[in-house]
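Each step along the sequence shown adds one to the number in our numbering, with nothing skipped, and position 12 is 4.
Read the hints as simulated data drawn from the structure, not as lab findings. From the three backbone atoms N, C-alpha and C, an ideal C-beta is built for every residue, glycine too. Errors might be hidden in some of the hints.
Claimed, not checked - The following label-pair restraints were derived from C-beta to C-beta distances:
no. : residue 1 : residue 2 : range
1   : Arg36     : Ala3      : 49 to 59 Å
2   : Arg36     : Thr5      : 21 to 31 Å
3   : Ala34     : Ala4      : 17 to 27 Å
4   : Val100    : Glu49     : 20 to 30 Å
5   : Glu17     : Val114    : 47 to 57 Å
6   : Asp104    : Asp0      : 31 to 41 Å
7   : Ala34     : Asp6      : 17 to 27 Å
8   : Asp6      : Gly76     : 41 to 51 Å
9   : Thr5      : Leu30     : 22 to 32 Å
10  : Gly25     : Asp115    : 25 to 35 Å
11  : Arg41     : Asp0      : 32 to 42 Å
12  : Phe42     : Leu106    : 13 to 23 Å
13  : Val100    : Asp0      : 21 to 31 Å
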Amino acid sequence: DLAATLADDDAATDAWFGGYLTGYEASWRALPGAVAALDEIARRHPGLRFGVVTNGERSQQEPKIQAAGLTDRLSPVVCSGDLGFTKPDPRIFLLACRQAGADPADAVMVGDRLRTDAVGAVDAGLAGGVWFDALGD
């Protein structure tokens, strides 16, 4: 039984998790068409900025962004792990707007969680929240 083996053997646990983490990190990539879509939106709307608001740790999120080829397209990157509060707390959305130099009334959040991202952004006073359901949930 895997659970019993891992519970009793630190080396086996470390090896299992190391394999899991390697596979997880290898899966980091932008969704098909995402980079082209950001570039096209930026071309059509000069001066528009794209940032990230995540309920993750910076130590994990920045490598994900780099692996996806998005580092030079996204600023600011606001990570809840740096802050002590998470989405949907309005402060995280408002901080991202301040860091981007954007009025919340002119900002839109696109995220993969309906309540945490889209509804949270609207509740914080952003102009809109878009739920991007990439997995078809």
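Of all the hints given earlier, name the ones this structure violates by number, lowest first. 2, 3, 5, 7, 8, 9, 11, 13
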